[in-house]
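A.B. asks: Sequence:
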Amino acid sequence: MRECELKDEEATVALGQALARALESGTVVHLLGDLGAGKTTLSRGLIQGLGHSGRVKSPTYTLVEPYELPGVKVYHFDLYRLCDPEELEFMGVRDYFGKDCICLIEWPQKGEGILPEPDLELALQYRPEGRHAVLTPHTDKGAEALKRLSFT
Numbered sequence: 001m002r003e004c005e006l007k008d009e010e011a012t013v014a015l016g017q018a019l020a021r022a023l024e025s026g027t028v029v030h031l032l033g034d035l036g037a038g039k040t041t042l043s044r045g046l047i048q049g050l051g052h053s054g055r056v057k058s059p060t061y062t063l064v065e066p067y068e069l070p071g072v073k074v075y076h077f078d079l080y081r082l083c084d085p086e087e088l089e090f091m092g093v094r095d096y097f098g099k100d101c102i103c104l105i106e107w108p109q110k111g112e113g114i115l116p117e118p119d120l121e122l123a124l125q126y127r128p129e130g131r132h133a134v135l136t137p138h139t140d141k142g143a144e145a146l147k148r149l150s151f152t
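The sequence shown begins at 1 in this note's numbering and counts up by one.
Please keep in mind that the hints were generated in silico from the structure rather than gathered at the bench.
Glycine included, each C-beta is placed from N, C-alpha and C at the ideal position.
Heads up, some of the hints might be wrong.
Taking lysine-lysine and the BS3-like style, the derived pairs with C-alpha atoms no more than 25 angstroms apart in a straight line are [stated by the list, open to error]:
#1 Lys73 with Lys99
#2 Lys7 with Lys147
#3 Lys99 with Lys110
#4 Lys57 with Lys7
#5 Lys110 with Lys147
#6 Lys99 with Lys147
#7 Lys110 with Lys57
#8 Lys73 with Lys110
#9 Lys73 with Lys57
#10 Lys73 with Lys7
#11 Lys147 with Lys73
#12 Lys147 with Lys57
The calculated label-pair distances, taken between Cβ atoms and stated as ranges, are [claimed, not checked]:
#13 Pro85 with Asp8: 30 to 40 angstroms
#14 Glu129 with Arg94: 32 to 42 angstroms
#15 Arg2 with Tyr61: 15 to 25 angstroms
#16 Arg127 with Arg94: 15 to 25 angstroms
#17 Met1 with Tyr61: 18 to 28 angstroms
#18 Arg148 with Glu117: 14 to 24 angstroms
#19 Cys83 with Glu129: 16 to 26 angstroms
#20 Asp140 with Glu3: 16 to 26 angstroms
#21 Ala123 with Glu10: 36 to 46 angstroms
#22 Glu89 with Glu3: 33 to 43 angstroms
#23 Arg127 with Asp95: 34 to 44 angstroms
Kindly generate the complete structure, drawing on both the sequences and the hints.
C.D. replies: Shown next as structure tokens:
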């Protein structure tokens, strides 16, 4: 497990960019935290850190936003509005979790029983001065990513 303080939006983006350098294809990341905790901001940093130069929008209404990047596909899920985990089956969610993909999943608890377990879990919590991030590996792949993570 690793913890870090994020004093502002810039620091949250920087953590995402550092994660982009640490993750490998085939990784599933669960993003936990209340509304406004910074999950999408962190995802933006990660996706841009992997080479995306355009806008990164929250997939709240579409459930998933795909990004075809050099050497990797990134699927950014936001399951906040999901009513039933079975909806994920109807959209063919299992097809998104390939060896050439990184999957970022906001509100993963809404897809419990359907989604794969995470390699890495990242929880963001409000603090008086910014946010507190807790990164917890759940697989060897997640543990290796934390070892490679260079962030202060």
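A.B. asks: Taking the numbered hints from earlier one at a time, note which ones the structure violates and give those numbers from smallest to largest.
C.D. replies: Numbers 5, 10, 12, 15, 16, 17, 19 and 21 - these are the hints that the structure violates, sorted from lowest upward.
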